[in-house]
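What follows is the residue order along each chain.
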Amino acid sequence: GAVVSQHPSWVICKSGTSVKIECRSLDFQATTMFWYRQFPKQSLMLMATSNEGSKATYEQGVEKDKFLINHASLTLSTLTVTSAHPEDSSFYICSARDHSSTLDTQYFGPGTRLTVL
Amino acid sequence: SQQGEEDPQALSIQEGENATMNCSYKTSINNLQWYRQNSGRGLVHLILIRSNEREKHSGRLRVTLDTSKKSSSLLITASRAADTASYFCAVSGGSYIPTFGRGTSLIVHP
Chain A
1 GAVVSQHPSW VICKSGTSVK IECRSLDFQA TTMFWYRQFP KQSLMLMATS
51 NEGSKATYEQ GVEKDKFLIN HASLTLSTLT VTSAHPEDSS FYICSARDHS
101 STLDTQYFGP GTRLTVL
Chain B
1001 SQQGEEDPQA LSIQEGENAT MNCSYKTSIN NLQWYRQNSG RGLVHLILIR
1051 SNEREKHSGR LRVTLDTSKK SSSLLITASR AADTASYFCA VSGGSYIPTF
1101 GRGTSLIVHP
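Going down the list, the sequences are from chains A and B.
So that you can map any letter, position 70 of the first sequence is 70 in the working numbering, and since no number is skipped, the others follow by simple counting.
So the mapping is simple: the working numbering equals the position in the second sequence, first residue as 1, plus 1000.
Just so you know, the hints here were simulated from the structure itself, not pulled from any lab data.
Just so we're clear, the structure is a prediction, and the values are computed from it rather than from any experiment.
Using N, Cα and C, we set each Cβ at its ideal position, and we do this for glycine too.
You may find that some hints are simply not true.
[As the list claims (entries may be wrong)] Derived CB-CB ranges, DEER-like:
id, chain 1, residue 1, chain 2, residue 2, range
1, A, Gly53, B, Ser1095, 38 to 44 Å
2, B, Glu1053, A, Lys66, 37 to 43 Å
3, B, Gly1094, A, Gly53, 19 to 25 Å
4, A, Glu59, B, Ala1081, 44 to 50 Å
5, A, Ile12, B, Arg1054, 45 to 51 Å
6, A, Asp27, B, Glu1055, 27 to 33 Å
7, A, Leu117, B, His1109, 22 to 28 Å
8, A, Gln29, B, Glu1053, 24 to 30 Å
9, B, Asp1007, A, Ser15, 37 to 43 Å
10, A, Asp27, B, Thr1067, 32 to 38 Å
[To be verified] Heads up, incomplete: computed chain B residues facing chain A, CB under 8 Å, no partners named:
id, residue
11, Asn1031
12, Leu1046
13, Gly1093
14, Pro1110
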């Protein structure tokens, strides 16, 4: 089946630094990728929709200047958490929609756990 | 909102018993999906059921969808300790973007 990878799988950083998380579709092309955030014992909340070659669409309440999303190719989207603070500590999960399949076909990455000290 | 809501929030059963989780939503949908998540791990896709379908099976899993009641159920038969996880339903409307509920935490005691 289709595989989506995320790198890194976990990261610890100091407050004030920036962290980049990569999401790759390994064996299919993804014109659309999605970024979710999940706090402990809570639901996945959609942060933004990333479209290849265009600006991301952010959900209400998500700061676009803090969470920079770049979808420069059909297989790679990146999420950069800028000037990270402890409250940004969370589990970040991406998903990718298979360009050649039906709209409801998307695959989730394994997630990246971010801890900001 | 489009978000699905699971019920119960937590479920504790013995190995071999059946586990039933429910999901309710408020608006019309194109599909509903169930996912499993082990603690601190990524999502595992279980079943997708479309709005024109009423029931789907996959191994020990059975999913039903009642669009008139805006609800779905996930049945795990003959549960195993390895089924211990959180289970989420995700509903998708016209944009086909899954919106997740809070999940049901299932504990299966050996």
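A quick look at each hint next to the structure:
no.	hint	in the structure
1	Gly53(A) to Ser1095(B): 38 to 44 Å	19 Å, violated
2	Glu1053(B) to Lys66(A): 37 to 43 Å	40 Å, holds
3	Gly1094(B) to Gly53(A): 19 to 25 Å	23 Å, holds
4	Glu59(A) to Ala1081(B): 44 to 50 Å	37 Å, violated
5	Ile12(A) to Arg1054(B): 45 to 51 Å	47 Å, holds
6	Asp27(A) to Glu1055(B): 27 to 33 Å	31 Å, holds
7	Leu117(A) to His1109(B): 22 to 28 Å	37 Å, violated
8	Gln29(A) to Glu1053(B): 24 to 30 Å	28 Å, holds
9	Asp1007(B) to Ser15(A): 37 to 43 Å	38 Å, holds
10	Asp27(A) to Thr1067(B): 32 to 38 Å	34 Å, holds
11	Asn1031	5 Å, holds
12	Leu1046	12 Å, violated
13	Gly1093	11 Å, violated
14	Pro1110	23 Å, violated
The structure fails hints 1, 4, 7, 12, 13 and 14 (numbered hints given earlier, in ascending order).
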